[in-house]
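Novice: Given these sequences and hints, build the entire structure.
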Amino acid sequence: MSAREPDTAGGEDGAATRRRAFIDGARAVTVVLPGVLPFATVAGATAVDAGLSVSAAMAMSLLIFAGSAQLVLIQLFDAGAALVTMLLTALVINLRFAMYSAGLAPLFHGATLRQRLLMGYVLSDQAFAICTARFDARMGAAQRVAFFFGISLPMWIVWECGTLAGALLGRAVPPEWSLDFAVPLMFLGLLLLGLRSPAQRVAALVAAVVAVLGRDWAYNSGLLIGALAGVLCGWLAQRLLRSRSRSRSQPGAGR
Amino acid sequence: MSEAQFWPVIAIVALGTWLVRSSFLALLTGRRLPRPLQELLGFIPAAALAALVAPAILMHGGELAVSSAEPRLFAGLAALAVGLWRRDLLAVLGVGMGALWLLRWLLG
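Sequences listed follow chains A and Y, in order.
In terms of my numbering, the first sequence is residues 1 to 255.
In terms of my numbering, the second sequence is residues 256 to 363.
If you are wondering where the hints come from, they were derived from the structure by calculation, not from laboratory data.
Just so you know, even glycine gets a beta-carbon here, dropped at the ideal spot from N, CA and C.
None of the hints are false.
Example chain Y residues on the side facing chain A (calculated, C-beta under 8 Å, incomplete):
#	residue
1	A281
2	A301
3	A311
For each label pair, taking beta carbons as the anchor points, the in silico distance ranges come out as:
#	chain 1	residue 1	chain 2	residue 2	range
4	Y	R341	A	S197	14 to 24 Å
5	A	A172	Y	E318	20 to 30 Å
6	A	F135	Y	L282	17 to 27 Å
Over the 10 Å line for every Cβ pair with chain A, so calculated as not near, a few chain Y residues:
#	residue
7	V321
8	S322
9	L357
10	L361
Specialist: What follows is the structure, encoded as structure tokens:
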């Protein structure tokens with residue numbers, strides 16, 4: 001009896017179950033794909049518009065495979081920012097993935113190391129959101145892995161095809177169209193989608209004000225200092241709001 | 256920066272992105288993110304995106320973007336209003352670009 005043989009007792013990890021989980025994942029991701037395609041096209045077209053070659057645009061898409069980080073690099077390349085600024089800003093915008101990674105890790109107990117490393121390459125905001133919403137305790141590890149890749153494979157295909165189409169189209173777009181403006185507009189859209197709590201709004205507002213005040217600071221550091229100030233103020237606002245609501249719900253307690 | 260200098264940036268960011276995403280999934284399995292750190296990370300998208308957006312919409316080429324050739328500030332405000340109302344990525348993109356072109360045509 002080999003270790004690869006399906007567990008017939010529960011039938012949980014059989015090939016048919018895995019296939020079904022993969023298709024479920026692919027089905028779950030279809031609702032977000034129409035939003036991913038224009039994002040990818042913008043990432044490809046603005047890269048070329050900023051003066052990068054089609055191969056550099058595609059290398060970003062294939063190797064980085066993270067829309068926000070790609071757009072950060074495009075915006076900073078276009079603005080002539082320093083190398084350190086590019087690396088640090090891309091790192092900061094990507095730090096949210098540490099949170100996703102930590103959130104998903106316990107859900108994939110039993111997945112192989114190779115699967116986990118591949119998951120690290122394709123992990124996306126969408127995959128995180130769908131997985132945390134859809135996983136339940138009855139799903140086995142193999143099923144979850146299949147579901148995850150069912151989400152991620154269509155995402156990957158749409159992202160790569162979209163950036164390629166955008167990069168090829170981008171050369172045909174005349175500069176008067178100001179395609180570079182699409183980058184901050186994408187960031188604005190993503191920002192507004194994610195603002196859920198008052199503390200988040202504090203974080204965004206502080207970051208915006210500091211980044212504008214620091215727009216002429218050396219190495220575009222206003223960007224990073226703004227982002228860090230926003231994170232800190234948002235976090236403090238959350239603690240403040242929480243302690244206030246606690247003292248309100250328990251009058252006289254803890255004073 | 257030339258494109259030749261940009262290639263190492265792509266490589267480093269690619270590696271960094273993969274390391275961050277693989278962190279708890281593959282490299283630090285069994286470890287948990289401390290709660291205060293988890294809370295701090297939750298504010299990164301809002302803060303980082305806002306810091307990227309605000310100067311890019313307010314300024315263009317070192318000047319306040321309110322000229323008839325670059326009415327980016329007004330176009331950005333139109334996109335912001337639509338985004339607050341509809342929360343739709345495509346609507347923000349479409350209205351922002353459309354407003355920029357329309358304002359230029361009207362003012363120019």
